[in-house]
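As you go down the protein sequences, you meet chains A and B in turn.
Letter by letter, the first sequence follows residues 1 to 332 in my numbering.
Letter by letter, the second sequence follows residues 1 to 332 in my numbering.
What the hints contain is simulated information worked out from the structure, not anything from laboratory work.
Owing to the predicted nature of the structure, the values given are computational and were not obtained by experimental measurement.
A portion of the hints provided could be inaccurate.
When the alpha-carbon atoms are kept at most 30 Å apart in a straight line, the in silico DSS-like pairs for lysine-lysine are as follows [claimed, not checked]:
hint : chain 1 : residue 1 : chain 2 : residue 2
1    : B       : K201      : A       : K201
2    : A       : K227      : B       : K310
3    : A       : K278      : B       : K2
Number of protein chains: 2
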Amino acid sequence: MKKLINAPEAVLSDALAGIAAAHPSLRVDAEARIITRAGGPSAGKVALVSGGGSGHEPLHGGFVGTGMLHAACPGEVFTSPVPDQVVAAARAVDGGAGVLLVVKNYTGDVLNFEMAAELAGDEGIEVATVLVDDDVAVQDSTWTAGRRGTGATVFVEKIAGALAEQGASLAEVAEVGRRVNAASRSFAVALSPCTTPAAGKPGFELADDEMEVGVGIHGEPGRSREKLEPASAIVATALDAIFADQPLAAGDEAIVMVNGLGGTPLIELYIAYAEVAKYFAERDVRIVRNLVGDYVTSLEMAGVMLTVCKADEQLLSLWDAPVNTPALRWGL
Amino acid sequence: MKKLINAPEAVLSDALAGIAAAHPSLRVDAEARIITRAGGPSAGKVALVSGGGSGHEPLHGGFVGTGMLHAACPGEVFTSPVPDQVVAAARAVDGGAGVLLVVKNYTGDVLNFEMAAELAGDEGIEVATVLVDDDVAVQDSTWTAGRRGTGATVFVEKIAGALAEQGASLAEVAEVGRRVNAASRSFAVALSPCTTPAAGKPGFELADDEMEVGVGIHGEPGRSREKLEPASAIVATALDAIFADQPLAAGDEAIVMVNGLGGTPLIELYIAYAEVAKYFAERDVRIVRNLVGDYVTSLEMAGVMLTVCKADEQLLSLWDAPVNTPALRWGL
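Put together the whole structure using the sequences plus the hints.
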């Protein structure tokens, strides 16, 4: 295992120190292990709190800022944050209008955020939850009952965060978050595995000519192990799965993310995006906004995730609303 | 070799198609192989043109936009663009105030940009050149006479681009570009090699416990092959080399980039940044601005490059000026 770290057990605390030093717009509470906006709570506005295992950066800390999250709770690498972290975050950012928890559907996350929601409720904080489960690759997985939550998390956090910024109620913000999740689908393919610092060896093995089709963001198995194919075929496999699950008709509009899993050069993500654009054009579905880059990663895994959100006027308008975070920034 | 591509010979054209599809703010001329701002030339303003081999994305195409480059000329992977590309770019973006070529110091780039400067001059376009040679690792290299040009390219393009946007003359924009280069130093360490699509095998070999200290962005050899060390020691080695070459005194201010080489997880770059921040704090040198992420990559190489620019009031003010490109965006 070759990693740019000091020690496996120091990865999270060292990374939090780096995030704190790099981003004056964020405040990092090293003890509580939460990342919040430096400006504190927004009085009268709903606050979005998300979190999950580390190793998926910039998710979630990189999405804390105006127009998106109020707080992120990073667990150890590929390990859920504990309920105390989430409660501390909710307490730190509640502006009196309630807290929306954005939770990726993994068994550990679901349990810990549920417990946190109860504890925060006991403290008088109004809490709602949006569960993200957009990954169409497998119905259940080694880490999940039901579908895994992956790329749509970025869309949910951006769009619900924009509505919260506009002063909508907790029920409205939660509703739009659920609507984004329902409109979104993801599918990922891995060309190489990744290694957690604690394990010290790859989470799975792939032969020199193989890829994992439908892989999860912790390296969980997907649908099948296949021979490596050209980018055009990989993109078609992923989009066929997505369109089979959520048909998009001619004339529909979509927001599309071509997301690198951490070890894929940007030039390859652009090659994938060219194939995505062709696929959509052939079906007369219009990509109205896109992201190409590393947004939800799996440490140094090589591969690509495609996420498609069927857009409408409200979702698009909220997508375009100003955002100012380390990893997404426009309009401000 | 496992890559998300269609074919080695199609990498550049496919990637250009993806860039064109993804970024409405850019115009891609697939035949001339140049990327320009969609808005066309800026009348009366100096235009910045850069370029170099592909495989370093987002450099240079990702830095085309308001406040930075007017055009980028991508060569094949790790191969200089040809003079015709550069001339076509200069012609496409000249707004009558001249064109500044930002050239990284590699033998092929230097020759081809020199020839392009002559040809553009013959067409009546006023041309000046800034040569970037910030990498302190080696004096000459397998690819270079003199020092290699690496991370400082981002600083030169941002700061000179901001001055051009303000309407300064070609001489003034070139002068500030040279001043940024003179104030900047870089040093990189590789934990893994990278593979060009055409070669199909890694450019060099590293044992499981080794790192290349002072590596170039094409995998050129650095100063030494060493046993892998903790992030703190890797950062100290790089910064010791930088500070030995350009001493920064207590009270000085600097812009610092912790740049991933393409295959390094963002969480590790933050760990490196925490070490950088400690190193600077111990010397009472203030990091006034920073970038943490992938800006000048070497395909999927794992490793980190540190770039330090000694700041002053003018450079900092130009750094803060609005920029709107795919890879750098603020203030707009």
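Quiz item: So which of those numbered hints doesn't the model satisfy?
Solution: 2
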